[in-house]
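Chain residues, written in single-letter form:
Number of protein chains: 2
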Amino acid sequence: MGQYIPPLRDIQFVMHELLGVEQELKQLPRHADVDADIINQVLEEGGKFTSQVLYPLNLSGDREGCTLDRETHEVRTPKGFKEAYQQYVEAGWPSLSCDPQYGGQGLPLVLNNTLYEMMNAANQAWTMYPGLSHGAYGCLHAHGTPEQQALYLPKLVSGEWTGTMCLTEPHCGTDLGLLRSRAEPQPDGSYRITGNKIFISAGEHDMAANIVHLVLARLPDAPVGTRGISLFLVPKFLPDAGGAPGARNAVQCGAIEEKMGIHGNATCQINLDGATGWLIGEPNKGLNAMFVMMNAARLGVGMQSLGLTEVAYQNALVYAKDRLQMRSLSGVKAPDKPADPIIVHPDVRRMLLTARAYAEGGRAFTTHLALLLDKELHHPDEAVRKEAEDEVTLLTPIAKAFLTDNGWIATSEAMQVFGGHGYIVESGMEQYVRDSRINMIYEGTNTVQSLDLLGRKVLMDNGVKLRKFGEKVKAFVEENGTDEAMSEFITPLADLGEKVSKLTMEIGMKAFQNQDEVGAAAVPYLRVLGHLMFSYFFARMAKIALEKQDSGDDFYKAKLGTARFYFSRLLPETAMLIRQARAGSAALMALDADLL
Amino acid sequence: MGQYIPPLRDIQFVMHELLGVEQELKQLPRHADVDADIINQVLEEGGKFTSQVLYPLNLSGDREGCTLDRETHEVRTPKGFKEAYQQYVEAGWPSLSCDPQYGGQGLPLVLNNTLYEMMNAANQAWTMYPGLSHGAYGCLHAHGTPEQQALYLPKLVSGEWTGTMCLTEPHCGTDLGLLRSRAEPQPDGSYRITGNKIFISAGEHDMAANIVHLVLARLPDAPVGTRGISLFLVPKFLPDAGGAPGARNAVQCGAIEEKMGIHGNATCQINLDGATGWLIGEPNKGLNAMFVMMNAARLGVGMQSLGLTEVAYQNALVYAKDRLQMRSLSGVKAPDKPADPIIVHPDVRRMLLTARAYAEGGRAFTTHLALLLDKELHHPDEAVRKEAEDEVTLLTPIAKAFLTDNGWIATSEAMQVFGGHGYIVESGMEQYVRDSRINMIYEGTNTVQSLDLLGRKVLMDNGVKLRKFGEKVKAFVEENGTDEAMSEFITPLADLGEKVSKLTMEIGMKAFQNQDEVGAAAVPYLRVLGHLMFSYFFARMAKIALEKQDSGDDFYKAKLGTARFYFSRLLPETAMLIRQARAGSAALMALDADLL
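For the record, the sequence lines run as chains B and Z.
Each residue of the first sequence is one higher than the last, beginning at 1 in the working numbering.
Each residue of the second sequence is one higher than the last, beginning at 1 in the working numbering.
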């Protein structure tokens, strides 16, 4: 039936031993009183909720899926989803990192982010309901009028209502400039909104009393393209003056999509038929308003795949220790049994360690990134805030694309450990693969992330942000360059750092001549930077583990083992990636489309 | 609704221009009269059947799946499957490459193999019914008694009856030595067979009048392990003297598995409860009898993924030319449209060309391999037969594992071209990904293939077979080494050839000390050899294309473009793989299982 044990020990290692989160938060007045005890307590409680309430609904939610009543246009979520959400709300989880002004607990994002790792590991499809809601909260918090905020934010913070983000239309996903939904201004200051949205996650459901849709649409006089898009607040039920859900608005679910995975989440076609809405932020600045939330949302998708990577690893590990099949090539290991457990086989370990290393590297990297988000918001020194913002800007597309690609690889390897049994739904393993697949697509495809990273984040600012990160790497390399025990980690890290500099310059030169060179190099380039991040964090983790390996706590031995595996078997991917990134656009663009 | 256009032009290029199949077959007395016209005619007819009859049932078959009647233990296949099978039988397709002595048409395997590429592209789940049947035919043809052959082979050849292979039990898949099913000899020379089999593809269905199960089981006095396994023929209905299906045998489908993909194929739990069966071949030599068919079966799995790679590519290509989204980075390409078709984006082309190159490389490689199977069977010169057999032995695990890994990559890239639409069932794209996933698992997992290749096929014969293949590569390199136009292909091919030699020697030395070094290196090693094969065949294809590129037929320009893409963007994987294969077992085996 599977298992999910929240990886609290590793989370705490990353938070306290690797990143010194408590000390970092002390620099932020808002979070200065958040100590390790509070962090650990929240994580423990969160761990219980996710493993005991959400995880048992994961497989059943996938099998049952969501159903639309075509008469009422209401959606029924899988058995238990509604009750789990009720528990989630009652325990106050939606408000964890929200603004105390609206009833939030005001805890740091770094904590909320880790809660989401656990929630996604336990049940990605379920987690998308509160996840989207949190995105809508953030958008309204940043751009709503005081009246909108007073009316809607407390409901979103408490979880009483949920929210959605309505961007995509049938003919436009990546290219929102093409969108057609229209908003007609009304004498009372509201708008009548008409259009068809698709792929709206958590777009309709039975878990909350109201749903607050944030909808992109065009005003009558709007310029064409992305500069003519405005953002509107369109509640399912129009709240009355007291904030209670009132009349049904003309926004309906027309259909729910049949998908490869995340069956427990209702992916809706949302039809707006003169629905009443209100402008959020300035006219024609809708994309800016929504893109403020983009960094958090992209990191959120990375956390989905991190969660799946962890849970898939855990289950494959249990199976590998239990399943007896063949004897070890280097001699019988379990003479009292009819065969050895398959964990004796080197390639089974390769598959397991691939998932494990991607989980541990991803956890260190994204916790660092989430902490930067707290700094960006709350550090008293503007220069530090700016620096944090720059680094967030650089790292976010990597967190989204690298972690979701890794999640696809890791869940597939974990499934492979099960042999034929992994292909059977009952094992739960193939669901992790199917669920993880969407993460490479939504919230900007991984190609879009790569273009954003290489084009906008690296080349357009002449590599300034990347060099800043490179200086951290260099400082660490210099600091540990003479430590012989660290050389197995420092040497490849330093080497990769240099290669990244050269590669970046080379692509920059070529892009100067031909912008298609950016498109040709972007995807492997992003993965190279992902490995730079992972090798940096694994080297830092290895340093701590080396210091404590004789402490009697086996955790450090295991950490060292995972780091060594990473450098030995995963980092070599960069040898391929750099060649691919350097290969140029000619072989891609040579043929006319008709010849393909 | 998707499309499948049989790639006849490329198939004919491979058959006639690359491999000279007609000339090769002239050396085999049995096939000396099979000329290009016959080949092309069969392929055209096969193409029509697969695209017009099988392909339209693919998506609907996936959605409907198979259903078991728990009262009668009969299985209903998806709507249209039965009728399509009837057409298949009436057109004589089951008998294409079968022995004329039993009603077969006696055409070469290389032709049948390509038919299977098209059948799998159109509908893998459906194709598994005749596919398994053909395997049972082959086994019985090689090992059955004359009476068994006279009774069963004509029915299998005509397709009136189908067959299965019943190997796996719940506790043993890879490790058949553990199997428990028992066979009790009866006074009349038959056996009563009892046991539980799982994962039996096409194990029960409504498409044929009888099902002939080939079942592995143990005799009462059998030695433990793999040397105590015998093979039995267990028909669903016991044939009467005239060969008509008679009494129902005690072999039943207990359940059908709910799987990630291939929903249209019934994956059955088969319960034998004192079922009547007859020994095939010698007692305790059941694995040998079954493994005779293993090479063909493994190639067959490779063909499944080759088919999926091709059809996924075709559909992604149509979408990429049609879908308008964003503008080309190097300037507007379709000024009359609201956006450019996404095929202008270099990374979309990378995804498309990845699938295309894996399809074309796989087609060349497997057609060569299938032709070797014909030579192995029918060449008049024993030395040539032996040489062909040796090469088949070497290439088969590569065809299975490399092509199925590639199919997983290619179908996923093709799906990614569709963005969010690819995740929706209706697009058909996610089905290709799900269907392709099983191919990496069954008929020996890809890890097992890799161990077989490196351990048994390469190291155990001191690299003799590999060197033989290497000589072909060397000869081609020398022959074309001075041709400047070929240097872009010859240089990397020669380089890889040398690296393979060194790598093989290095692993061999290490394995001498520690057999776990084989397990640690096997998976990346197999992919390195896969790339050696592909780069050899792409270089050969490029040579022809260079010669004919000015012929006015754009096919050759396209071929050259795909070859260049392969060398530029896919072959660089070897830089990673060689590092991984050389990394050794230490990082994998260092940690105790308890520390994972």
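Misleading hints may appear alongside valid ones.
The list cannot tell twin chains apart, which means a pair is met if one copy fits it or any two copies do.
Stated by the list, open to error - Below, simulated BS3-like cross-link-like pairs (lysine-lysine); rule was C-alpha separation at most 27 Å, straight line:
#1 Lys543 with Lys26
#2 Lys285 with Lys337
#3 Lys502 with Lys26
#4 Lys468 with Lys337
#5 Lys333 with Lys48
Calculated directly from the structure, the hints in this document are not laboratory data.
Hints versus structure:
no. : hint               : result
1   : Lys543 with Lys26  : within (24 Å within a copy, 67 Å between copies)
2   : Lys285 with Lys337 : between (68 Å within a copy, 25 Å between copies)
3   : Lys502 with Lys26  : neither (38 Å within a copy, 56 Å between copies)
4   : Lys468 with Lys337 : neither (56 Å within a copy, 41 Å between copies)
5   : Lys333 with Lys48  : neither (36 Å within a copy, 55 Å between copies)
Hints 3, 4, 5 from the list above are not met by this structure, while the remaining hints are.
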